[in-house]
Amino acid sequence: MKYDVNEKGYYGEFGGAWIPEMMYANIDELRRRYLEIIESPEFKNEFEQLLKNYVGRPSPLYFAGRLSEHYGTRIFLKREDLNHTGSHKLNNTVGQILLAQKLGKTRIIAETGAGQHGVATATVCALKGLKCVVYMGALDVKRQAPNVKKMKMLGAEVVPVHSGNKTLKDATNEAMRDWINNPEDTHYIIGSVVGPHPYPDMVARFQSVISKEMKSQLLEQTGSEFPTRILACVGGGSNAAGAFYHYLDDEQVELIGVEAAGKGVETSETAATLQVGLPGVLHSSKTMLMQNSDGQITEPYSISAGLDYPGIGPLHSYLFKCGRAKYLAATDEEVLKAALLLTQKEGIIPALESAHALAALEKLKLKPDDVNVINLSGSGNKDMETYLDYFGY
Amino acid sequence: MKNRINQLFESKKKNIFSVYFTAGFPQLNSTTDIIHELEKNGADLIEIGIPFSDPTADGPTIQRSSEAALKNGMSLKLLFEQLKDIRKTVKIPLILMGYFNPVMQFGVAAFCEKCREIGIDGAILPDLPLEEYELHFKKDFEQNQLHNILLITPQTPEERIRKIDAASGGFIYMVSSASTTGTGKKVEDFRQDYFERVEQMNLKNPRLIGFGISDRATFSNACKFASGAIIGSAFVKALEPDSGLKTSVADFAKSIVL
Ligand SMILES: Cc1ncc(COP(=O)(O)O)c(C=O)c1O
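In order, the protein sequences belong to chains A and B. Quick note: the first sequence uses the UniProt record's numbering, first residue 1, plus one each step. Quick note: the second sequence uses the UniProt record's numbering, first residue 1, plus one each step.
What the hints contain is simulated information worked out from the structure, not anything from laboratory work. Where hints are given, some of them may not hold.
[To be verified] In silico DSS-like links for lysine-lysine, alpha-carbon gap of 25 Å or less: (1) B:Lys-71 to A:Lys-166; (2) A:Lys-8 to B:Lys-71; (3) A:Lys-131 to A:Lys-142; (4) A:Lys-8 to B:Lys-237; (5) B:Lys-138 to A:Lys-8; (6) A:Lys-326 to A:Lys-367; (7) B:Lys-237 to A:Lys-166.
[As the list claims (entries may be wrong)] Per label pair, the in silico range of CB-to-CB distance: (8) B:Glu-81 to A:Thr-298: 17 to 25 Å; (9) B:Pro-157 to A:Lys-212: 33 to 41 Å; (10) A:Glu-333 to B:Pro-157: 49 to 57 Å; (11) B:Gly-42 to A:Glu-39: 56 to 64 Å; (12) A:Ala-126 to B:Thr-32: 26 to 34 Å; (13) B:Gly-42 to A:Glu-29: 37 to 45 Å; (14) B:Lys-71 to A:Gly-56: 44 to 52 Å.
[To be verified] A short, non-exhaustive set of chain A residues, derived as facing chain B with CB atoms under 10 Å: (15) Gly-16; (16) Ile-19; (17) Met-23; (18) Thr-172; (19) Asn-173; (20) Leu-278; (21) His-283; (22) Gln-291; (23) Ser-293; (24) Lys-367; (25) Asp-370.
From the three backbone atoms N, C-alpha and C, an ideal C-beta is built for every residue, glycine too.
Isolated chain A (complex conformation):
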């Protein structure tokens, strides 16, 4: 396929494995074995069973009638919020925990921002009885207290990270340091399509179940596999990668990623990497990054902890550069409005992250016959405090 990663781990000029030698043995083993393992019938069978009976897949594709009427078009929601643990993150952690077991690893580490990936990792570790350590920025530990408690109840150790801005980037740094210090028994479950090859490809494959289901569900509900466009929010880009995956070669389908503009892309308080970033190397990947002219990574900002990251997966940098996908940005304020609109039109409270994709509807010319699919990546349960604060209920 035209948008597949090449054998060196690149999407065009982006990607690769810019790892220090201390990570070489682990990354090399992953790189050599991931396809053979995840393509094996035994793995596929186990993965599919867990997706069905544990995660609760397929997730529904729901025609949002009142929201459609509001925008004068047809809008479908891919309900990843209905997965066990409330987001798409579990698709990836289920895949990676099975892989870690095949590799003989007994200890799992992860980074988390909003805590969704941390909870999804702690969940599969409980499921498989593996030791779990989750790194989380000290600021996020405070911002996302309920998820911290959930992880602890699931048996994970949550380590607050005090370096840098004390958010997702710093948690990722610390998880990488842990892996360097524990190269033999540990697998690092990265939570998005970021990091060194083969992570971006591996995570995209685990999330690709989203677009696979979308195709058959759309065929059934609209008579065609192909929507007019697909919209998804982009932090590292895993839910978007999953929602785009099986449509990448179907060029007639418009693909739209929505980044977090924060207080506006023209301000310094933003996380819209593709709007303000330049190519660079962070977390072992060559990709678009928010940085200054000295190559220091700058601090991102978004109301949603899950999008508060100064980079983006290399696949998205490539789709952006070659124009296959379009990337918009939505501000905190636009996002809160969009979340409230969905809540009151459809009775669905979305995650702040997912509400970025909804907010983009305001920015598009939508025709009555268009079929728009929004990947609703997660539930708003974890964001109730923010919503209640803002709306004053």
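Given chain A's structure and the hints, the job is docking chain B with the ligand onto it.
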């Protein structure tokens, strides 16, 4: 002129005392003073750290010094400016050590040229892997007589150590154990089997051992298995108190080699 790293290893085969510090720490303008004091107190080779916002291979001490250096206003451009006359006074080999992104933004070719202009003898960029180096940047390094110093670890397979040896020209940086920098190890914590295994490989390049070398005991133990050893975090820590650079550097050097 012959690269100073090669000169050093030709003239001194044992107990090479190599020290790392972060440029811009403790003060923005400490860089050249630290270099001068280190040379005066017996350092054979100096690694000047280019601070980076996200030092994923470093432990808390170098994370702190990097963060402080950036806060002080250090940048790669400014570092080159501070070093521009360093060869008027300093004879020992100098190496720049840092992460790839600041070098990439500066421009790899421009970085290598600047190093030659100033008299920098090598660079250590841990997140620039062997394969990317050989494919894209080797020419820039070689044209400017700049050695790219590569790392090996206890997990590096023999075949890969051979490849790294073939691609290296100055020395091989042996990471003492699977770890980030500054883990403050004891002699017993080091994997002697790894030190011995690599020693018996008869590599064409000399080796220095670094990471976790923090005192006289770990330094002299490492020196038994290589041409010398590199001390980083322990030295950076010695610079933390405000007792004046001169005394801190002299006291530190004495605690290791005298
Ligand atoms: C619900 C939800 N959506 C999206 C994201 C962003 O991640 P990604 O861009 O990898 O999908 C997160 C991350 O925490 C999330 O919790």
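Results of checking the hints against the structure:
1. Between Lys-71 of chain B and Lys-166 of chain A, the direct Cα distance comes to roughly 16 Å. Compliance with the 25 Å bound is thereby established for this hinted pair.
2. Under the criterion of a C-alpha separation no larger than 25 Å, the hint pairing Lys-8 of chain A with Lys-71 of chain B is inconsistent with the structure, at around 37 Å.
3. Taking the CA atoms of Lys-131 of chain A and Lys-142 of chain A, the gap is about 24 Å. The hint holds against a cut of 25 Å.
4. For a cut-off of 25 Å, the pair hint linking Lys-8 of chain A to Lys-237 of chain B is broken: about 40 Å separates their Cα positions.
5. Taking the CA atoms of Lys-138 of chain B and Lys-8 of chain A, the gap is about 18 Å. The hint holds against a cut of 25 Å.
6. Restraint check for Lys-326 of chain A and Lys-367 of chain A: the C-alpha separation of about 18 Å stays at or below 25 Å, so the hint holds.
7. Of the supplied pair hints, the one linking Lys-237 of chain B and Lys-166 of chain A holds, its CA atoms being roughly 23 Å apart against a limit of 25 Å.
8. One distance hint, 17 to 25 Å for the beta-carbon pair Glu-81 of chain B and Thr-298 of chain A, holds here, with the actual separation near 23 Å.
9. Restraint check, Pro-157 of chain B to Lys-212 of chain A: a C-beta distance of roughly 37 Å satisfies the suggested window 33 to 41 Å.
10. Hint check: Glu-333 of chain A to Pro-157 of chain B, Cβ distance near 54 Å, so the stated range 49 to 57 Å holds.
11. Our hint of 56 to 64 Å for Gly-42 of chain B and Glu-39 of chain A holds, since their Cβ atoms are close to 58 Å apart.
12. Checked against the given bound of 26 to 34 Å, the beta carbons of Ala-126 of chain A and Thr-32 of chain B, roughly 55 Å apart, lie outside it.
13. Restraint check, Gly-42 of chain B to Glu-29 of chain A: a C-beta distance of roughly 42 Å satisfies the suggested window 37 to 45 Å.
14. With their beta carbons about 48 Å apart, Lys-71 of chain B and Gly-56 of chain A fall inside the hinted range of 44 to 52 Å.
15. Nearest Cβ of chain B to the Cβ of Gly-16 of chain A: about 7 Å, under the 10 Å cut. The hint holds.
16. For Ile-19 of chain A, the shortest C-beta to C-beta distance to chain B is roughly 6 Å, which falls under 10 Å, so the interface hint holds.
17. Interface hint status for Met-23 of chain A: upheld, as the beta-carbon distance to the closest one in chain B is roughly 9 Å, under 10 Å.
18. Among the interface hints, the one on Thr-172 of chain A holds; its C-beta lies about 8 Å from the nearest C-beta in chain B, closer than the 10 Å criterion.
19. Because the closest C-beta pair between Asn-173 of chain A and chain B is about 5 Å apart, less than 10 Å, the hint holds.
20. Taking 10 Å as the C-beta contact cut-off toward chain B, the hint placing Leu-278 of chain A at the interface holds, the least distance being around 8 Å.
21. At a threshold of 10 Å, the smallest CB-CB gap from His-283 of chain A to chain B is about 7 Å, leaving the interface hint in force.
22. At its closest, the beta carbon of Gln-291 of chain A sits 7 Å from a beta carbon of chain B; the interface hint therefore holds under the 10 Å criterion.
23. Satisfaction of the interface hint for Ser-293 of chain A is found here, the shortest Cβ-Cβ separation to chain B being roughly 7 Å, below the 10 Å cut-off.
24. Restraint check, Lys-367 of chain A versus chain B: the minimum CB separation of about 43 Å is more than 10 Å; hint violated.
25. A least Cβ separation of about 41 Å between Asp-370 of chain A and chain B goes past the 10 Å threshold, and the interface hint is therefore violated.
When held up to the earlier numbered hints, the structure conflicts with 2, 4, 12, 24, 25 and fits the remainder.
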